[in-house]
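Protein sequence lines, in the order shown, are assigned to chains A and B.
Residue numbering for the first sequence follows the numbering used here, starting at 1 and increasing by one per position.
Residue numbering for the second sequence follows the numbering used here, starting at 1001 and increasing by one per position.
Hints were generated in silico from the structure; no laboratory data involved.
All figures in this text were calculated on a predicted structure; none of them were measured in a lab.
Backbone N, C-alpha and C define an ideal beta-carbon position, used for all residues, glycine too.
Take these hints with a grain of salt, some might be off.
[What the hints assert, rightly or not] Capping the alpha-carbon separation at 25 angstroms, the derived lysine to any residue pairs in SDA-like fashion look like this:
#1 B:K1236 - B:E1161
#2 B:K1131 - A:G68
#3 B:K1111 - B:G1208
#4 B:K1131 - A:L17
#5 B:K1215 - B:G1245
#6 A:K92 - B:P1162
#7 B:K1116 - B:T1176
#8 A:K40 - B:G1208
#9 B:K1219 - B:K1405
#10 B:K1219 - B:D1332
#11 B:K1131 - B:N1220
#12 A:K92 - B:L1143
#13 B:K1272 - A:D18
#14 A:K92 - B:P1088
#15 A:K92 - B:R1197
#16 B:K1089 - A:S80
#17 B:K1190 - B:V1458
#18 B:K1394 - B:V1458
#19 B:K1089 - A:N60
#20 B:K1089 - A:L44
#21 B:K1272 - A:S80
#22 B:K1398 - B:R1460
#23 B:K1089 - A:F62
#24 B:K1080 - A:V93
#25 A:K40 - A:P51
#26 B:K1131 - A:P72
#27 B:K1272 - A:G68
#28 B:K1405 - B:K1447
#29 B:K1272 - B:P1162
#30 B:K1225 - B:M1265
#31 B:K1111 - B:D1304
[What the hints assert, rightly or not] Partial list, computed: chain B residues near chain A (C-beta under 7 angstroms):
#32 N1017
#33 A1019
#34 T1036
#35 V1051
#36 N1053
#37 C1054
#38 G1142
#39 W1145
#40 D1273
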Amino acid sequence: MSVTREEVRHIALLSRLDLSEAEIDRFTAQISQILDYAAKLNELDTANVEPTFHAVPLENVFREDVPGQPLPLADALGNSAATRGSFFEVPKVADGS
Amino acid sequence: MTEFEPVIGLEVHTELNSATKVFCDDPAIFGAEPNTLISPISLGLPGTLPVLNCVALEKSLLTAIALNCEIPSRTSFDRKHYYYPDLPKNYQISQQYEPLGRNGWVDLQLKDGSQKRVRINNIHLEEDAGKLVHPDLPSARGLSWVDLNRAGMALLEIVTEPDITNLEELEVFMQTLRSILRYLDVSDCKMQEGSLRFELNLSMRPVGATALGTKAEVKNVGSIKAVLRAARYEMKRHIELLESGEKVIQETRLWDDDRGETRSMRSKEVAKDYRYFPDPDLPSVVITPAWLGSIREHLPELQDAKQSRFVQQYGIPEYDAGVLATDRALADYFEECCRKHSAPKTFSNWIMVEVLRELQAREIEIDESLLTASRLVDLVRLVEEGVISNNIAKDILKEVMETGKEPARIVEEKGLRQVSDEGALLALVREAIAKNPGPAQDVREGKEKALGFLMGHVMRASQGKANPAVCRQLLEKELSSGG
Chain A
1 MSVTREEVRH IALLSRLDLS EAEIDRFTAQ ISQILDYAAK LNELDTANVE
51 PTFHAVPLEN VFREDVPGQP LPLADALGNS AATRGSFFEV PKVADGS
Chain B
1001 MTEFEPVIGL EVHTELNSAT KVFCDDPAIF GAEPNTLISP ISLGLPGTLP
1051 VLNCVALEKS LLTAIALNCE IPSRTSFDRK HYYYPDLPKN YQISQQYEPL
1101 GRNGWVDLQL KDGSQKRVRI NNIHLEEDAG KLVHPDLPSA RGLSWVDLNR
1151 AGMALLEIVT EPDITNLEEL EVFMQTLRSI LRYLDVSDCK MQEGSLRFEL
1201 NLSMRPVGAT ALGTKAEVKN VGSIKAVLRA ARYEMKRHIE LLESGEKVIQ
1251 ETRLWDDDRG ETRSMRSKEV AKDYRYFPDP DLPSVVITPA WLGSIREHLP
1301 ELQDAKQSRF VQQYGIPEYD AGVLATDRAL ADYFEECCRK HSAPKTFSNW
1351 IMVEVLRELQ AREIEIDESL LTASRLVDLV RLVEEGVISN NIAKDILKEV
1401 METGKEPARI VEEKGLRQVS DEGALLALVR EAIAKNPGPA QDVREGKEKA
1451 LGFLMGHVMR ASQGKANPAV CRQLLEKELS SGG
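Looking at chain B on its own, in the form it has when it is part of the complex:
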């Protein structure tokens, strides 16, 4: 049977984090009351004129530089026409003929240590559309509601070449690009808020073939996980069609996350005929080498450079540095902890294991967490000073994430102070030995493992508050003296 491989290209839309929209001064904020962030320009009222936001343009150019694009000496804007209620002007201002970047690339580091280059066809700046709500109400049957707050937000579109040939590359590409955009501080890249969106172009071809198969375009995919699921679904669908001798139709499909499938959009809705032409309202932009040079100076230290520096400066392992450097906010957090208290390896352990796990469970980023750097520093100090045990600290960390309370306050309120007093612990130790004669005998006969069993008993009896080092000493002493 023929083996097939996917050929995947992506269209990535990322909302820039400028303070205002791209062509007018409406605040660019997520989550406001519908239609409270609009003006005559974003409503597309007659007689209004768009004016380009300089910050949005510079953030776009910075991204083009970081993605190794050729940047032209002139860039301009075009009108892309389609009729849909989320677009009040009936055209979207975009860039078709002179995009601000072409022919770039992103290098991916794959698990087996190899590198893969994904080429960027072009990067262009455009305006976002509004949002449609399809209410599930009897009184709103056949109706949609329109919120234009998002209409006109600065949207950067990054179009790749079809260079991705398996799901690992797809996943690493999305993560790498997201990391770069967050490093550059051009977008907050929150997929759940729609500030980073991926559209998939996927076709299948026999392994070894060079000609491209017929592609399907998949829209409406809301997370990196969902993109991978949608790709897996489409690969299976294409292979089934190809193997049964049917034709793949070139079409746009919508991902349905609840059902885990894609379905075709009727062709009438997607008739692609955008009748692009230069927007006479917006003068061209001339990009001088001097200007580009001053933007390039704002290029921050990127992931690889930061990873090397962390190994050098903090003496942490390459692996730790790699994990910390995947996200700029996380790397900044680590450095802030180290500035307040010089214990790099301790912080790296806490961040890589406990902090990342709790962030993932809550699906938030470190800069949205209530566990500020100074709270983690306080928590680590409490452990170092012997006030609480490591295990209690893990529980407190979760509570800080939930409530934002200071760690020391949680210790006091809940009476979690570690018990190191030998007199108090000796009773617990003797009880453990008395209740578990078998394991106690094993320890006397030199079976180290049984000591752990007795330790567990003591820790439980103390509700986790016993100082493990003191308990261990007491246990060993009691058992060697024949107790």
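Okay, chain A solo, but in the shape it has when bound:
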């Protein structure tokens, strides 16, 4: 196993996922398989190869600093599960800021 149950638990926490013990077992095995497969790439010598950040050879794509038309409020809030006035409403996450 190239990933531990503890790591899977940690990733789940970061992603705000509540996994059962059975799910942790299953995902530990699956993620390990994926990582092992990807590890095949390590067999290649890439010492002298620049990392590829982008598949398309584009650079310096810019936008002029000219304001456009924002969404009407009703559309902006339209997909939300809960709203209050012109706010989205969500469960409180933490105190402070």
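Got chain A; can you put chain B on it based on the hints?
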């Protein structure tokens, strides 16, 4: 007992004053109705693509130049992942691997005349998050409200090395950096609106030691004063822990300005594991020397150069020039006054004393004040022409700041015109002498001080409108002629 000194580094976030957000064309404006400045891109809806705002990038590069940074030939953007309702995409676009500036510095001028260099680790461009409101309402218990207007605004982060070792350096650093950012016209730096924010990294170590102690990170500090209070609080907390043999825990703490203390954030909320990776949506930026050269040409005259020029060009003292040059808007204001009416020293006095005091009392900047340069010029002219006294002018200045009325109109409306007519003033002068025989006698015996007492009486009786020079002459004349 061991003496401790603080070691402080700062993470500075400043919202750039571009017209639109950094990766989409939503207007970047403060104070609009919640969620009226958002688009599919700032909402992070599937299928949208961010495109970099050229002005935001150039303002960032200009700042990197002014802070003496090394600027790479290529810069790129990365995704920083965390889940929080103020961040609709669940990642923030930032720069981790190829920031647009590294290894810069800011030189501080300290009170004792010495200089201190604070190194800049890096400068990078990112997008701001939205704002959460925690309403104190029974019907909203356990709920937060989200305003995404700020989500996606261009945010420049400046990270210092831990080079600050006392509170004076901390204060001067914040003021100097703010001044530079305002000089460059890259941000309005309004701390109360959140367009300039400081996060403190602070640890303590025995004086003379070189190893760093365990640091605490302090967030949620809303003003330069509050940063200083938070630093003072943390220094005390660390020293108490260290002296009692306890350990300082490395953690993030929140500043509570009302209580004047910091408190720990639970570790679950701050588990820092951002899983950065290059953002495939944003192509890299190649920075050519020619481009950088043309940005460098936009570098304005900075504080030191302006101070020297003011001394040369306007013949005002070094000290005055220093005060006027601390803020670009203030310096521009002074120059505008001088262009309209050539009385540099008069304007410098008014600005340094009355204007700055009134601005500070209102916690605003000169470019937000109703006392425009032409109104100050009119006010100074009214004094020079003898229409009003200097003291009345000070009252009018306050009223202009409040109401934006023209000074001449206030003079007419309130009947504040200075009285210089000898006939009218003579009655007041005689009354003052008659009511104060003791001080009058003192003046006759050559005690200069008593004259001031009588002058005060006359000025009060005239409600400040008497022309002081004329009154003084009349008083002296009356008393020497045995009146």
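### Indices of hints not satisfied (ascending)
6, 8, 9, 10, 17, 20, 21, 27, 28 and 32
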